[in-house]
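J.: As a plain string of letters, each chain reads:
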Amino acid sequence: MPFDLHRAYTLNPAVAIRPEPFGALVYHFGNRRLSFLKTRQLVAVVRLLESQASAAGALEAAGVSTRERARYAAALAALADSEVIDAR
Amino acid sequence: MRAEAVSARPALAGQFKRGLTAPICLTWELTYACNLQCVHCLSASGRRDPRELSTAECMRVVDELERMQVFYANIGGGEPTLRPDFWDLLDYSVAHHVGIKFSTNGVRLDKRAARRLAGTDYVDVQISIDGATADVNDAVRGAGSFAMARRAMEALAEAGFGEFKISIVVTRHNVSQLDMFKRIADAYGARLRVTRLRPSGRGADSWADLHPTAAQQRLLYDWLSARPDVLTGDSFFHLSALGAPLPGLNLCGAGRVVCLIDPVGDVYACPFVLHDEFKAGNVREPGGFTRLWRESEVLLRLREPAAAGACASCGLFDACQGGCMAAKFFTGLPLDGPDPECVLGHGERELARVCLPDRPRAGPGHSKGSRGSGDPVFLGQIAARAAT
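Residue numbers (our numbering), protein chains in the order written: chain A, 1 to 88; chain B, 1 to 388.
Treat the hints as calculated values from the structure; they're not laboratory data.
Pairwise CB distance ranges (calculated):
1. Asp110(B) - Glu68(A): 53 to 59 Å
2. Arg218(B) - Asp81(A): 32 to 38 Å
3. Phe317(B) - Ser65(A): 34 to 40 Å
4. Arg47(A) - Pro286(B): 31 to 37 Å
5. Gly57(A) - Gly345(B): 54 to 60 Å
6. Thr21(B) - Asp81(A): 25 to 31 Å
7. Glu68(A) - Ala95(B): 36 to 42 Å
8. Phe317(B) - Asp81(A): 32 to 38 Å
9. Thr10(A) - Ala215(B): 52 to 58 Å
10. Arg112(B) - Asn31(A): 26 to 32 Å
11. Arg60(B) - Thr10(A): 30 to 36 Å
12. Thr120(B) - Arg67(A): 46 to 52 Å
13. Glu50(A) - Ala244(B): 36 to 42 Å
Quick reminder that beta carbons are idealized off the backbone N, C-alpha and C, glycines included.
Please build the complete structure, drawing on both the sequences and the hints.
T.: Now the structure itself:
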């Protein structure tokens, strides 16, 4: 299913997040894929997905600027593609 | 590490150079015992060391790795499956959220073991061969080792393990077999992994005979560039100076994202530098592995910006980063100069000037019999070869 900014998402239960100075390392124990969250704000967005009604809401709640919105949406789409986050 | 997850991200590579809160690629060698005596063994393995970590000590290391969120460990040796507690450690580790990727020559991987592995999550298996035919393989790894590895591959395939890995160290004698290796892997539904020969351990004595020629390196670069699905463990970044960078971080990860725990608990900056100069300490010390990773002077020094040295004026330095620290160290080259296999040939010229008896030696190692890495006869042979 293609990523939809207006849907609700959550972190996949097989995924662990390790905070790092630049952002975080993300590991999916199921498919053994390692991904990188390249900014701390992206980490905040990912952590907020669970409590927000949509991915767009998580971007808003994390204070992602309008200018950065497209870049962050693309990052979320990539994370959905590698099953780090799932639609709920 | 899946190379594609980090490819072509220079900003991220800059972050990695300053080090992370824990390693990404942690190699943990469980024993120096080995049924084989490969001539290029990085850890000069053979005999078990009486000081090896006990089962309880290994479990404490796993507990630390879990707390540090080291998501998986690359287990090797020696031959790790020769440890009587190997399967218990594997289960303990997986239960504590530290996935296991282990390398084996296949000696204990019979049908029963294969079925057990097929039923365990978070475990990856990597079977090593260094020739696509018995003659080429056994010349490096010992008589019967090719047949043994093939039996283990059959067992895994038959048990429905899924995608295991077949791991090759590229040498002068097997580089012409790359397509054959790929066919073997494809036939089993396995993934091919190809890595670089290092002059470490017993490799210090066999490197001059085994390392690929300049023409073979070019061939290897072209072959790998055309096959991004072949894993390389990021080990050929010195070849990125030949054209477009190969997938991966393209930097030396030693002490930054890479680390090694040896069988007696000593921690080194990377699996290829088992030498006091790169030893951070021992996991048995207060603070354990965590403190060593975060505070040891050896590792902190490796996270400081490195000078390009003799390579500063080379336009390709950004591509190859000066190559592999271990390859330079054990061939006696300065660490801030070219890699011995520099694609422009600068390393080869430097090598001819090295006074061979002064090369750093890793000590006697754990080889069986008299073929230790300190054997002076080998020095003479390499000296003669390097001069030509």
